[in-house]
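J.: Sequence:
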Amino acid sequence: MPVWNLGSINIDNVYRLDHLPVPGETLAALEYTQGLGGKGANMSVAMARAAARVTHIGAVGPGGTWTTDRLMEYGVDTRHIATLADQTTGHANISVDAKGENEIIVFSGANQAITKDMIGAALSDAAAGDFFVLQNETSGQRYAAEMAKALGLHVVYAAAPFDAEAVAQILPFADILVLNEVEANQLVAALKMELTELGVSSIVVTLGGDGCRWLDVSAGTETHMPAISVTPVDTTGAGDTFTGYLVAGLDRGMPMLQALSLATQAGALMVTRMGTADVIPDLKDIEDARLA
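Count the sequence shown with my numbering and you get residues 4 to 295, in order.
Don't read these hints as lab results, they were simulated from the structure. Heads up, a few of these hints could be off.
To be verified - Once the Cα atoms are required to be at most 30 angstroms apart in a straight line, the calculated DSSO-like pairs of lysine-lysine come out as:
no., residue 1, residue 2
1, K119, K152
2, K102, K152
3, K119, K287
Unchecked claim - Quick list of the computed label-pair ranges, beta carbon to beta carbon:
no., residue 1, residue 2, range
4, L23, S127, 27 to 33 angstroms
5, T86, V25, 26 to 32 angstroms
6, E28, G256, 46 to 52 angstroms
7, R293, A130, 17 to 23 angstroms
8, S232, L260, 46 to 52 angstroms
Ideal Cβ placement from N, Cα and C applies to all residues, glycine included.
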């Protein structure tokens, strides 16, 4: 079935450094690359490379039409990506150190100019049972989540970049919540309730090198999925790859644990690569890598 993704599209400027800078420090980059990024675009590419039929809902400025072309090359349906003459394409400046850790500055640009009309036009083609994905880097999130829920879509919410107020607005419509351990702790502190009290039936908490845990709230169970041991080169986009593969697996009818296993393998392979959307692995890459 189709997957619909309301998501950001960014131009990623990636700087490879010996170490991440401290306040006031000036560093010379060892390497510079530019590519397609944004949490939304990363997820769309991941879902497409995991064999899902995904339509991206988003916006770019006139200077960013190449990002739309790139998404199309990766198998993403781009009919609902608008080019806005009065906007600048979103972009991110990403610093990556020798250990693969990163530091990111994001300018939202056209991602925050997505209108209700754009969202409505896209979801008018959706059908009950489709998956709908969103995160916190665009405008129109609550409107889209509410519409998707009303249409009978499965709403998957990746609560990043974390903002407690934004998360609270989406929770009533979310079927699956995906967030990392830090975000989970922040959410519990901000809302003063446990994850199992949020009203979301399925919650996935990623734990970095410790894997992830799945809270099947409806069944009252919690399952830990261990991580796969790899040597990281760049952690940028790994979480988006994980989420994209998770959704694609569920869309293909996989049980949650099987989809989580596939997503864990994809995320592990992703951190061994330098870059973002342009280096997200496909299913053959994962099969060839034989990660376990």
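J.: Would you mind marking each hint as holding or not holding in the structure?
T.: Each hint tested on the structure:
A C-alpha spacing of about 15 angstroms is found between K119 and K152, which places the hinted pair at or below 30 angstroms, so the restraint holds. Distance hint between K102 and K152 is unfulfilled; the C-alpha atoms sit about 41 angstroms from each other, more than 30 angstroms. The suggested pairing of K119 with K287 is violated, with an alpha-carbon distance near 38 angstroms, which exceeds 30 angstroms. Distance hint for L23 and S127: a CB-CB separation of about 45 angstroms, inconsistent with the stated range 27 to 33 angstroms.
Against the hinted window of 26 to 32 angstroms, the Cβ-Cβ separation of T86 and V25 comes to about 39 angstroms, which falls outside the hint. As the Cβ distance of E28 to G256 is approximately 50 angstroms, the hint placing it in 46 to 52 angstroms holds. Taking 17 to 23 angstroms as the suggested C-beta distance range, the pair R293 and A130 does not conform, at roughly 37 angstroms. The given range of 46 to 52 angstroms is broken by S232 and L260, whose C-beta atoms sit roughly 20 angstroms from each other.
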